[in-house]
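Asks: What follows is the residue order along each chain.
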Amino acid sequence: MRRILLALVLIAAVLGSFGCVTRGTTCADPGGVIKVGVYGDLSGQTSSFGQSTRNGAQMAADEINAAGGINGRQVQLIHEDDQGEPGKAATVTAKLINQDQVRALIGEVASSNSIAAAPNAQEAKVPMISPSSTNPKVTQVGDYIFRVCFIDPFQGEVMAKFAANTLKAKRAAILFDSNSDYSKGLIQYFKQSFTSLGGQIVAEQAYAQRDRDFSGQLTNIRSASPDVIYVPGYYQEVGVIAKQTKQLGIKAPLLGGDGWDSPQLWDLGGEALNGSFISNHYSVDDPSPVIQDFVKRYKAKYNNVAPDALAALAYDAMMVLADSIKRAGGTECTALRNAIAGTSGFKGITGTISLNAERNAVKPAVVLELQSLKFVYKETIQPDATPGTSPSPAASASPGASASPGTSASPSNTNGPAAGNTSTNTAAGNSNAGGTNTNSTNRSNTNR
Amino acid sequence: MDTFIQQLINGLNVGAIYALIALGYTMVYGILRLINFAHGDIYMVGAFTGYFIALSIGMTGPSWGGLIIVLTGSMIVAALVGMAIERFAYRPVRKYSRMTTLITAIGVSLLIENLFVARFGGQGRAFPQLLQDQTYKLFGNAAISKSQILIFVVSVVLMLLLQWIIYRTKVGTAMRAVSFNLNSAKLMGINTNAIITFTFALGSALAAAGGVLTAQYTPNIDPLMGITTGLKAFVAAVLGGIGNIPGAVLGGLLIGVAETMVVGYGQGIGIASTYRDAVAFAILILVLLLRPAGLLGSTVQEKV
Amino acid sequence: MPSFVKRVLVALLIVLALVAVNAMMSKAGLFGVGVPLYQVDLWKMAGINIILAVSLNLINGFTGQFSIGHVGFMAVGAYTSAYLTVYHTQSIEGQLAGVVGAGAAAAIVFVFVILVGALAAALAGLIVGIPTLRLRGDYLAIATLGFAEIIRILIVNINKVGAATGFRGAVDPWPGRVTIPAYTDFLWIGIFAVITIVVIYNIVNSDTGRALISIREDELAAQAMGVNTTRYKVTAFVISSAFAGIAGALYGHWRLPHPNDFTFVRSFEIIIMIVLGGMGSITGSVLGAIVITFLPELLRQLPGGVYDYRLVIYALLLIIIMITRPQGMLGGREFGFNWLKRAQKAPEGEAAKGAAGVPIAERTDPTADPAKEVENR
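If you're matching them up, the sequences are chains W, D and S in order.
Take the first sequence: its position 349, counting from 1, is numbered 349 in our numbering, and each next residue is one higher.
When you read off a place in the second sequence, starting at 1, and then add 448, the result is the number in our numbering.
When you read off a place in the third sequence, starting at 1, and then add 752, the result is the number in our numbering.
Bear in mind the hints are in silico, worked out from the structure with no lab data behind them.
Worth double-checking, as some hints may not be accurate.
Straight line, CA to CA, 25 Å or less: simulated DSS-like cross-link-like pairs of lysine-lysine [unchecked claim]:
#  : chain 1 : residue 1 : chain 2 : residue 2
1  : W       : 35        : W       : 88
2  : W       : 246       : D       : 585
3  : W       : 125       : W       : 137
4  : W       : 35        : W       : 125
5  : W       : 251       : D       : 585
6  : W       : 251       : W       : 191
7  : D       : 594       : W       : 251
8  : W       : 246       : W       : 168
9  : W       : 35        : W       : 347
10 : W       : 137       : S       : 912
11 : W       : 137       : W       : 88
12 : W       : 125       : W       : 88
13 : D       : 618       : D       : 634
14 : D       : 594       : W       : 246
15 : W       : 137       : W       : 191
16 : W       : 374       : W       : 296
17 : W       : 326       : W       : 125
18 : W       : 191       : S       : 912
Not close to chain W: a few residues of chain S, all C-beta gaps over 12 Å, as computed [claimed, not checked]:
#  : residue
19 : 789
20 : 792
21 : 797
22 : 839
23 : 909
24 : 949
25 : 977
26 : 991
Label-pair restraints from in silico Cβ distances [said to hold, decoys possible]:
#  : chain 1 : residue 1 : chain 2 : residue 2 : range
27 : S       : 1048      : D       : 451       : 45 to 51 Å
28 : W       : 223       : D       : 613       : 40 to 46 Å
29 : D       : 629       : S       : 886       : 22 to 28 Å
30 : W       : 100       : S       : 973       : 53 to 59 Å
31 : D       : 567       : S       : 769       : 43 to 49 Å
We put the CB at the ideal spot given by N, CA and C, even for glycine.
Isolated chain W, as found in the complex (with noise of 0.2 Å):
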């Protein structure tokens, strides 16, 4: 008998731990503080990527605050931790959605952990704004979901053309991160890109996340003997990578993309990182107005620590956020969902952000070469014209943001021992059909 109670109250207590709530409409704007989940890696291994994040979001929050809010209303960012896993990230954002009532996320940096969270989003018609999932499939999830940079189509191009043209490379290799959306999207871009510009894929390697030890990857692409080895990965593994490949006496210059961009890359590579390639959202040193001004209040805010592209996309992804609440004139779903979609011409820190019909952004990619532990500035490679979506080249021209802060006085680009290609018209930019003039945009043409 006392067992039969001690159940009952044990039922009892698990029903009265439901705490039921009444279901209503979670699409109409509720009034009052705009709150905002931001989600990321806070603690996991790419945690680099998501405190970056959560500054850049938190500082154009606070600025937006200050300035007196959007439309009179504050914003509330909620932050919350996935460690850097997909299923994690899927139980962050039901809980950011459905306990916080969020009225828009911003978040992942890692494609797989966007497209494992995007589902949330897209069912609770809750907008999610990726600031730099760079994978197509991100936005494919439905027509919630946004992102405020360009895609790996995009991006595994740049690099491909700019080893075939510039480097005038022949053969290469791949080094990829077979757990990672991302790495797999580059490398597949790159692949097509590369052999249609006549090169030759000479080997392909995987590696695991997690790898410590890549010799072995690397002995094989050795004896394949390449001209450029593509290493689109996250940073904690390429500057191993890099040092491994030193070691092994390799001198072919390693390609990336923008997972390579932490301050962490130097000290893990170091000097072997020297005459490496990456792509990438925007560069540090860009002389432009816009972005000093926005380094110089970044490292203000946070103990004197340079932003990276991450920082500045989580900032800009607020940003187009705040104004496209502005222009929605509040938070109803639907009416945010179309103001964001309707993004156009948004002047952000990382470039002018326009939305095409994939709800995925339009904009130039930059090449940085690594040299003594700074990214300098190669070229802007500008992305094929789509009809009626991309931002006119010849609008936000700029000429004299070109020239090269403080490490030279030259106007042009100063530097690339890669002979040949330290003006900023290069091969690469005049092939690529769409336009890609190289010289074009107000923040481009910049010298870290």
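Chain W is already provided as a structure; the job is to place chains D and S on it using the hints.
Replies: Same frame as chain W, but now just chains D and S:
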């Protein structure tokens, strides 16, 4: 040929680290019949301690003195951590069932990992360069770097030292006695608790050396680095015959070489390099089925 | 009242209760009232964990075998069923929908893929079980762990199921559904959780169950008494794997399966559930599954400075519980079963006291000692 030699060097290098960690698993198992799942994390603690020692003594450039300080320092700290874990987590549950001790070991492992993640963040840190790296050409394309040589030399020295401790010293004799039969050892007047603690200290110090050496070779350290490496080292210990010290070394080297060879030559026969992690387990299962006590382990007749 | 009628009534009651709870957990809610959707997610996860824990308990708790590779069979179930759903069932579902309506068609197809997933997992269990169950104690544990990792790495290398990036739907060159449909709602999980509990309970209280428990208590003695130990162990292993496959299939049609969801760390989590609940206690496993699902999420509510340390607290709690209450919350006793089924009393007290309490270190022979964990049963 030079590619093969190169892959062999690469494999032995990885294997030497596995062997160093496997020794700790095997010693603890030999004495307590406990799979110390936290041992992989001690390896991580060793690497982190090395990192902080290097920072605190202000190592700016590579130096042999610094290297020795970092190596011995982290071995000492890891030994203390190992002793603390034994004292405060394992000793209270030693008398309970095996499942309980296993869960406690998993708990300790989670505790160390999460504590480091919470305290230092989950991202990788760059281990400072303790050694002016240099690559020596052997022949053809085959080359060996200074940090690889360091791994070989230090691990061989440590293994010989361990062999000496176990077979030539009084405490080593006591360890063997405890491992043979804990109760009888106690009756013979051996302070078994002290011996068990000493075993943990020894195993942890070796793992820490492995941590520093790996960090020196591939300078990316993070709080979760011990999980996979620890598991593989554990597999190595079982492969060689758990409880058997030369077996752990053999198992470690075998797994290291097998893994690298899969990466090196797997593609030619249709095995992608991503099968690397499966190889260790496949070998393990084969050995367990054909020779359950491991390569060098002795089969114990079941008592009725 | 005939016990048959009573059973039917109880079953009906359970189904009704599940339907009501499911309605509360749905997006629309029951009469507009529902559970917060974040908690719904957790309850669904708890349900899946209950299936996993209760089924693993059959091997680890009742048969005394030491498996730490349960998650491998879950992965087999998840990927097999999701593979079928993505590449093969779309046209059948379409045809069925014309006959019985879309909802029923989806349900029929879902039951079918779950069963195939369970079958595949059972087959994997058989393949793994026959050779490895000859091994004892820790060696068995290591072998199961190895097999689970191999299964995971195989999945990582199959491009058609998304390889290392996770299975979300048809992979490029192959035609199929773009995303795995989210069939699984709380009702499905609840029904299968109840089925798992009932089936395992009945096995444990049958002749087979006695044989399994005799193996746990003393394998040699059981063998001497004429129990075909290998056959019983393999049977238990296969049944347990099949349920893990069901849990996997449910998971696969809810969260998109990813190889990282099936690492050995997840296996540990299931073991923690059954040890925490009490080895050899079905209700204990249920309780353990719920606690382990909710605890980390509850710790998420901790304030700022402590938030970062939530997982440290989780690990500390685990160690402290093991030190202070090694037999788990229920310690092999069942909870509340008398209420459901008065006739059969679970053996308690003096009966079959396990050999726990003997220091492990005092056992001289590592191989002759399969884990005997249950404190009190």
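Asks: Going through the numbered hints above, which ones does this structure break? Give me the numbers in ascending order.
Replies: 19, 20, 21 and 23
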